[in-house]
Amino acid sequence: MSIDNDLVKKIANLAKIELSANDIKMFSKQIGEIIGLMNQLNAVDISDVPGLDADSSKGHTNRTEDIVKDGNYIELILQNAPESKEGFFTVKKVIE
Amino acid sequence: MSKLESLTISRARDLLSKREVSAVALTEHYLAKIETSQKLNTFCLTTAELALEKARHCDKLVKSADKGKLCGIPLAVKDIFCTKSLPTQAASKILEGFIPPYESTVTSKLWAENAILLGKLNMDEFAMGSSNETSIYGPAINPWQVAAEMQPLSPGGSSGGSAAAVAADLCLASLGTDTGGSIRQPAAFNGVVGIKPTYGRCSRWGIIAFASSLDQAGPITKTVRDSAILLEIISGHDKKDSTSVANKVPDFEAALDGDMRGKKIGIPAEYRIEGTPSEIIKLWETGIELLRDSGAKIVDISLPHTKYSLPTYYVLAPAEASSNLARYDGVKYGYRATLKKGEGINKLYEKTRSEGFGDEVKRRIMVGTYVLSAGFYEAYYQKALKVRSLIRKDFENVFSKGINAILTPTTPSPAFPLGSKGDKSPVEMYLNDVFTVPANLAGLPAISIPTGTTDNGLPLGLQIIGPAWKEAEVLNVAFRLEQDSGFKFKPDQWWTR
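These protein sequence lines are chains A and B, in that order.
Residue numbers for the first sequence follow the working numbering, so the first one is 64 and each next one is one higher.
Residue numbers for the second sequence follow the working numbering, so the first one is 534 and each next one is one higher.
It is possible that part of the hints are untrue.
[Stated by the list, open to error] Which chain A residues stay away from chain B? Per the calculated CB distances, all over 10 Å, these: (1) 68; (2) 69; (3) 102; (4) 134; (5) 155; (6) 156.
[To be verified] Okay, the calculated beta carbon distance ranges per label pair: (7) B:583 / A:157: 36 to 44 Å; (8) B:679 / A:84: 34 to 42 Å; (9) B:679 / A:140: 24 to 32 Å; (10) B:873 / A:84: 13 to 21 Å; (11) B:571 / A:132: 53 to 61 Å; (12) A:151 / B:874: 22 to 30 Å; (13) B:860 / A:150: 17 to 25 Å; (14) B:828 / A:132: 45 to 53 Å; (15) B:803 / A:135: 49 to 57 Å; (16) A:89 / B:630: 26 to 34 Å; (17) A:128 / B:933: 31 to 39 Å; (18) A:135 / B:1023: 48 to 56 Å; (19) B:635 / A:102: 40 to 48 Å.
Hints listed in this document are in silico derivations from the structure and should not be mistaken for laboratory results.
C-beta atoms are modelled at their ideal positions from N, C-alpha and C, and glycine is treated no differently.
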C-alpha cells in the first residue's frame, strides 16, 4: 500500500520537515505500509468502550499547584542556544 | 582470571566494603576495558576523569555508615538521560552540542548513593528503533557472535548500547529506557537481565521524551539480584513528574526468595504466533517446565486483544512523539541549519528538522502528525486509545483471577545481523516488538531474563509480566528461572583481539 505524494507533502508541512522529491517517494511507500498496519484496528469492536474522558478523570489526582521553585538562570539556558542576544533567543527577522 | 572479571553489583559491593578492591581500581579496570572495546561502539561518551575523581571520593567513604548503597559501583547510562554539564544527545544530530543544565531524577538517585558514572551509552535515535541502527553514532555491536567471519549482530534497541556494554562486561550495570520493549529486547539479544517497571514507578523527569504515556526507565544488569538493587534505588515519587506515583517502594532484593510454591503462572495462548522459531518455542516450554518443577501452578490464559497491540502502539507512540519532538526547532538548543539569504523562520524550522532528524524519526513524526490531524484523529488516535484500554482490561481480567505472573518469550527471534532488517520496510522491524509492547500499553512491570541459547549459541530471553506495582513478584519468578536454567551470560571476548 502507498499513500499519495500530496498527502506526504501536506503532513511534512504540518510537521515542519523539509523533504526532497526522493524523500517524498520513499516516505509515501513506507508511511503507506505503516497505515496498513494501523488499519488492522478496524477489526476491533469498540462500540462498548467508553471514551477516554471517563478513564483519564482518575489520572489527575496528583496534580499540584504550579509553584515556581527555581529560576533566574537565563545565562545558563542561553548557553545552549545556537544564537542569543541580550538575554533572548534570536532568529531571523520575521516579517509577514 | 582476575577477580574483577564478570563481577556483579552484589559481589562488587562485598569486595568494596571488605576493602578487597578499591573503587579506584575497579573504575580503572572498567575504563581500560572500555578503551580496548571500541569495536563494539557501545559508549558514545566516556567520563574517565570524573569517574576517577568520584572513585577517590568513594574510597575515602568506605568505612562511613552513610556512604551510600552504591558506593564505588561503576555504572553507565543511556544517552537519553540528561546528565548535568555532560553532553546528552539521545543519539540525534538535532541535539548536537546540547549540555543539560540539570540532571535527570533517576540518575541523580544513583549518584546520591555514590555510584560512579563511566559514560553514556549508544542507542537508537530518540529511542526509536529495535536494532541500534538509527543512532547518529552508528550502531553498537552485539558482543555475541556465531562466527567471526559473519556480519556483526545487532544488539537490539533502543537501549542496545546499554545491554551490549553490560554483556561485554564494560560496566557493572547500566540504565536504559523502555517505551515498547527497548530494555527487554536488547537484554534478550545480549544475554542479560532488563526490567521495565510499572508506569509511574520511576520519575521520567530529565529523560528525553519519546512517548510520555509509555516511557519508563529501568536497569540492565548481569543478574536478577542486581536489577532488584538498582530498581529500588531509582524508584519513587518525584514532584517534578506528576505521573510518578507515591506508592511505597518495597525492598526488592529482600523479596528474592525464589519460592514458587502456590504461585500461578499464566501462559497466554495469543503469544503462540505463527512463524516463531522452534528454538524459541522450546525455550518457552523449558521455562514452563522449570517453574512447574519448582512448585508453581501453570495456567493457560487468554489475552484476546494481544494481536492489536502492535497497531495500537504504532498509532499512539508516534502521536506522542510528534508532539514531544515539536520542541526541536533550531532556536533554543541543539542543531540549527544554515539558511540562505531571504529564507525565513519557517525555513529555519523545516531545514533544521530535515537535517537534524534521521529517517526513522521523521517517519514517526509524520505518522504521528497524520493520526492527530483533522479527519484522522478519531479514526486512528481515538480508536487506538480505546483499544489500549481493551488490552489493559485483558490483563486486569487475568490478574483478577489470581494469576501472579505471565510467562512469554521476550522476542520472536534471536539477535539478527546488522543491516538485515527494516531497510526497505520499517514495518518488518516493528514486528520485533510484538511480545513487548503489550506491557507498555497496559503500564505493567515486565522483565527479560536469559534462560537459554539457540543451537548456534546466541542468547534467548523469557519475559515475565506482572500486575501493576508487583515488580517484587516479577523479579522473584525471574530469580527462580535464573537459578534453574543455568544460563551463563559471558560471550567470548573476540572484540579485544
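Status of each hint after checking the structure:
Every CB of chain B lies more than 10 Å from the CB of residue 68 of chain A, the least distance being 13 Å, so the non-interface label holds. Separation of residue 69 of chain A from chain B is adequate, the least Cβ-Cβ distance of about 13 Å exceeding the 10 Å criterion. Non-interface status of residue 102 of chain A relative to chain B is broken: a Cβ of that chain comes within 10 Å, the nearest being about 8 Å off. Remark: the non-interface label on residue 134 of chain A is consistent with the geometry, its nearest Cβ contact in chain B lying 12 Å away (cut-off 10 Å).
For residue 155 of chain A, the non-interface assignment is contradicted: its Cβ lies about 6 Å from the closest Cβ of chain B, within the 10 Å cut-off. The non-interface label for residue 156 of chain A is inconsistent with chain B: the shortest C-beta to C-beta separation is roughly 8 Å, within 10 Å. The supplied range of 36 to 44 Å is met by residue 583 of chain B and residue 157 of chain A, whose beta-carbon atoms lie about 42 Å from each other. The given range of 34 to 42 Å is respected by residue 679 of chain B and residue 84 of chain A, whose C-beta atoms sit roughly 41 Å from each other.
A hinted range of 24 to 32 Å for the beta carbons of residue 679 of chain B and residue 140 of chain A is inconsistent with their spacing of about 49 Å. For the pair residue 873 of chain B and residue 84 of chain A, the beta carbons lie near 19 Å from each other, so the given range of 13 to 21 Å is met. Residue 571 of chain B and residue 132 of chain A have their C-beta atoms about 42 Å apart, which leaves the hinted 53 to 61 Å range violated. At about 23 Å, the beta-carbon gap between residue 151 of chain A and residue 874 of chain B stays in the expected band of 22 to 30 Å.
Taken as a hint, the range 17 to 25 Å holds for the pair residue 860 of chain B and residue 150 of chain A, whose Cβ atoms sit roughly 20 Å apart. About 51 Å separates the C-beta atoms of residue 828 of chain B and residue 132 of chain A, a value consistent with the hinted range of 45 to 53 Å. Between residue 803 of chain B and residue 135 of chain A the beta carbon distance is about 55 Å. The supplied range of 49 to 57 Å therefore holds. Our hint of 26 to 34 Å for residue 89 of chain A and residue 630 of chain B holds, since their Cβ atoms are close to 29 Å apart.
Range check, residue 128 of chain A to residue 933 of chain B: Cβ separation about 36 Å, and the 31 to 39 Å hint holds. For the pair residue 135 of chain A and residue 1023 of chain B, the beta carbons lie near 51 Å from each other, so the given range of 48 to 56 Å is met. Our hint of 40 to 48 Å for residue 635 of chain B and residue 102 of chain A holds, since their Cβ atoms are close to 42 Å apart.
Hints 3, 5, 6, 9 and 11, counting from the list given before, are not met by this structure.
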